[in-house]
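Student: Sequences and hints are given; from them, build the entire structure.
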Amino acid sequence: MPILKFIARRLGLGLLTIFAVSVLIFLVTQAFPSDPAQAILGRETTPEALDALRQELGLYRPAITQFSSWLFDIVRGDIGKSFVTQMPLSEYIAPRVGNSLFLMVVGAAFSIPISIAVGAFSALRRDKTFDKTTSTVSLVLAAVPEFVMGTGLILLLSTSVFHVLPAITLIDAGQAPWSDLSGIVLPVLTLVLAVTPYVSRTMRASMIEMLESDYVEMARLKGMSERTVLVRHALPNALGPVFQVIALNLAYLAGGTVIVERLFNFPGIGSALADSVRARDLPAIQFLTLMIAGVYVLMNLLADVATVIATPRLRTSLK
Amino acid sequence: MSEGLRIVDLRLDVEATGNDIVDQVTISIAKGKVLALVGESGSGKTTVGLAVLGHTRRGVSINCGQVYCGDTEILSLTESDQRKARGHLVSYVPQDPSSSLNPALRIGLQLREVLEAHNFGSSDEARKSRIREMMEEVLLPTDDDYLRRYPHQLSGGQQQRVGLAMAFACRPSVIVLDEPTTGLDVSTQAHVLATIRQMTSKHGVAALYITHDLAVVADIADEVAVLYAGRVVEQGVVKDIFTNPAHPYTRHLVAAAPDISGKKEVVGLSGRAPSPGKRPVGCAFASRCELATPECQDSFPKEVAMSASHHVRCIKVGQVAPVLLASKGASNVRDQGSPVLEIKGVDAGYSGVTVVHDVSLTIRKGECLALVGESGSGKTTVSRAIGGLHREWTGTMVFNNVELQRIARQRSPENRRGIQYVFQNPYGSLNPRRTVGDSISRPLAIIGTDKSEASKAVLDVLEKVNLPGSYANKYPDQLSGGERQRVAIARALVSKPDVLVCDEVTSALDVLVQAAIVDLLSDLRKNLGLAMLFVTHNLPLVRSIADEVAVMSEGRIVEFGPAESVIGDPQQAYTKSLIMATPSIERSMR
Amino acid sequence: MITSPEVEQIEKPSGLLRTALRLKRTQIGLGVLIAMIGLTIVGPIIAPHSQTEFIDMPNSLNIPGALFGTDYLGQDVWSRFLIGGRSILLLSMSATLLGTTVGTFLGLLAALTKNKTDEFIMRIFDVILSFPQILLALLLVSMFNASPILTILAVALSTTPRVGRIIRGAALSVVERDFVQAATALGESRIRILFSEVLPNVTGPLLVEASLRFTYSIATIASLAFLGFAPDPTAANWGTMIQENSAVIVIQPWGAVLPVIAIAVLTIGTGLCSDGLSRVLAGIDRGGKGE
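Protein chains in written order, with our numbering: chain A, 1011 to 1329; chain B, 4 to 593; chain C, 39 to 329.
I should point out that these hints are in silico values taken from the structure, not numbers from a laboratory.
Take these hints with a grain of salt, some might be off.
Unchecked claim - Okay, derived cross-link-like pairs now, DSS-like style, lysine-lysine, Cα gap no bigger than 27 angstroms in a straight line:
no.: 1; chain 1: A; residue 1: Lys1015; chain 2: C; residue 2: Lys154
no.: 2; chain 1: B; residue 1: Lys205; chain 2: B; residue 2: Lys305
no.: 3; chain 1: A; residue 1: Lys1015; chain 2: C; residue 2: Lys62
no.: 4; chain 1: C; residue 1: Lys62; chain 2: A; residue 2: Lys1142
Tutor: Spelled out as structure tokens, the structure:
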């Protein structure tokens, strides 16, 4: 099966990228900072404490040994324990992964259908009122940083203007995120507003290109109904480029949400990373960054495979 | 004879400005007949073709006129009735089948959906057998495996056959064919043309055949309408148009078309047709016409009947000089110049796959050698290797007694100067961010010529290619295609080369511009003693320009000799079939 | 064949900017951007108080002489607002400039070499692109320090591959065109082909991408400050201000509202500019295709 060979090849490339990513993370967190132990403990500490931490980090070993043992442990499934709480990291991270996944699924469930519909519809209504309005709105939404948009939403919906929603999520990491639905409205809304413009703009551009293609004109000249022209001829071809953007945004929803989770105090991996950075919890930082980067690589891989499967010309030329 | 298609007083406008793209177009075609709508790019022929189906491109609207397909007037139908008429009553065959077939759908489905959309055939089984019938008529396989293929798995000729099958599927009474053979090799073209001819007459379909290629017109059409700047300037049966053109523009078109059946001095014409919004009140051709007098500018000429079937819009009828037909003139006996470039045993390829085998050629001073072949024959690979643009080749090339290195960067400045390359597409070969003067003087700057001397040289070569010196300050975007190609030639001339490699230099140009460029190249060769390698797929053109011809096929030279004898009396089967497949005005008129 | 009758003459080089300025959105965007730059230049001069001066009780409103009251520490909100844009703007401009320059160079190089160099550059880009932009910047700044130089480097590093990929894509289609072949046949050096044949023909996408990257650099740098990684944590900075004052938003909204508006207006301004540019660019592309 050529497609399996393609996936295998693409997977190999992905693993190579992940390996390079792990090298980069290790260099930035452990090898290059002049003394990670000092960095973690800060200035007011004792030489003994420093020494103990250096031992624990294995900083007296050669860098290459430090790196290989770190990576090997992770591959084995042992992600170490937190410096701050001394608890196994897996206990800290596992529930947060679930929470972030929930946020991703809910965010995607709203943003993807909306953005594809908005994008396709504004392509059909090109340069009419609907298109102009949505293009201006998505321009504004795409430009403003998430934390500014989130704060704006808090100001609007959680303070004196319209006090309808809580400003922060009041659930614990172990609690199911749906136990406080009103608390996740704002984070989800912020994420949806942040993601939608990208997907809908790509959809619009791609759809316009298809609508102007020779074969859509030909379908019209063959006397196809407008419905068939759109659903059978334009839409499937327009979705190709959108896969890539959807994948990138799913990855963003899964791990790039440091700011939004932090802003709303949502207990996911994004805020876990922000907390770890603040507490200088090195093993947590290393693992969380690697995981988030891994999700990005995986999503890109899925998008590539989906594109190939959905495009006969690419699919049939696989060897 | 009943009428198949009748277009009455059709006008289409650019929506934004209200300027007309085409105006006063009146054409009628009988059932089973083919009318060719001839015009240069920008003349509005596709716009007319699409309007026959009631369709316009974005930003274009139908201002007035009627289109009758049989008894049905298309333009006054409701949108949904127009949709029902398209593909059923009147169908369309597009210019580029590779982009007009949906890449994501199997061809079987694309054929079936036309039948389904128009409720053709009473059952799936009936439709299936209709598809098989159509495939058979256009000479394609009818098995299910073939119908499950995607468009990209078909060759260009096969794709166009699918397009034809689709167009004829619902037995329309009118069909519009928009340059359906552009981009196909001559042998494929000959087959597609034969299929079109056979199907239109068999099914009694009125066909509007849009093209710029006069030889194709002579081959396929019964009647011709000549479109210039959006107006039909002459209309008549094909014989009248070619042997007795009454409009000066038509006469120029015929005079500019090279012909495979004889040596013909092609004559070009300068200037270009005015675009929408810049068209005069009077005759649009007046500014380029040698017969023009002030009254030509007063109003658009009334139609004059030359005979019952031959109409022309020109007030100078009767003053137009007759067309010179091609003569089977003897081959010019010339002094053999000394060899400038000798190629021996050249093999060339791409990433290890050899596509050119054992090519040997000699180009002499003042001589034009044409390298002819269909697409994929390897002719461009050879010319690029000579120009130092292709890395993968072996063998020897000797230029002025010095052996050439493989790529341009390794060659000596003297060798680089001596061999200059002119590219196919004048829209791509000039840097759009540089002025014409900058582009031309660049070769001089590289060898360190000082500025004032270089700008003198620029004016000098601009004059040689018949462009005013003021063009040095223009950007390529401000020039027409023909002017750009002149600039590209000027850039090649500025370093005073010995050999000019011309790679399909006229294939992107309209026929009048092509003739003018061929004219220019012949003059340059005579006046400067240039040796020229003229790479082309256009056999008729070879007869007008070349002294010697090398015919390439599948990477090998299959026939070589003086142009007159190779084309007039080919010895090899391949050359014979190529020449037979090439349409000819002369042959069709006989 | 219709050869786009509306587009008679395509713009000359540098015409992109001029044409874009004829669009209303670009005019508004540029106006806003100039106004914000003006604010960050004049603001610190006209600020009534210094950025760290305690003028009254924390979170007070209605203080004479302090239009927007005091923040959570008792500093003047108005003064901190006036001062707090300068470092964001300076850092993001520098980071954009650096990242775009390096990215353009690598993108052009990759497009022209089309071999192992290209492959290598693209793989490096892939690695950097595996990190969300904010994550890479956060990692670097938190592990070393949030000094201005490091902040610029961190943001520029995450900008480089994004610009590089766009430029490579644009340059690949230019490299295929015959005028580059013509220059090769004349024996022009590679570096000269890169800078005088290819680069001038990718200025359109380059401008669009640079303006887009500027918008995201502003967002990233403000976000870093929001997470507590401003070059100087005590100094006035719009990002820092939002973080500090959002907890007390109910009693003293101005400390968060003013910087929220400022950042929103600034990024919308740059966004409008890049949108105007990309619209014109798309228009030119269409005009060119009609030929």
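Student: Now tell me if each hint is right for this structure.
Tutor: Tested hints:
| no. | hint | in the structure |
| --- | --- | --- |
| 1 | A:Lys1015 to C:Lys154 | holds (23 angstroms) |
| 2 | B:Lys205 to B:Lys305 | violated (37 angstroms) |
| 3 | A:Lys1015 to C:Lys62 | violated (51 angstroms) |
| 4 | C:Lys62 to A:Lys1142 | holds (13 angstroms) |
Of the hints listed earlier, those the structure fails to meet are numbers 2, 3, in rising order.
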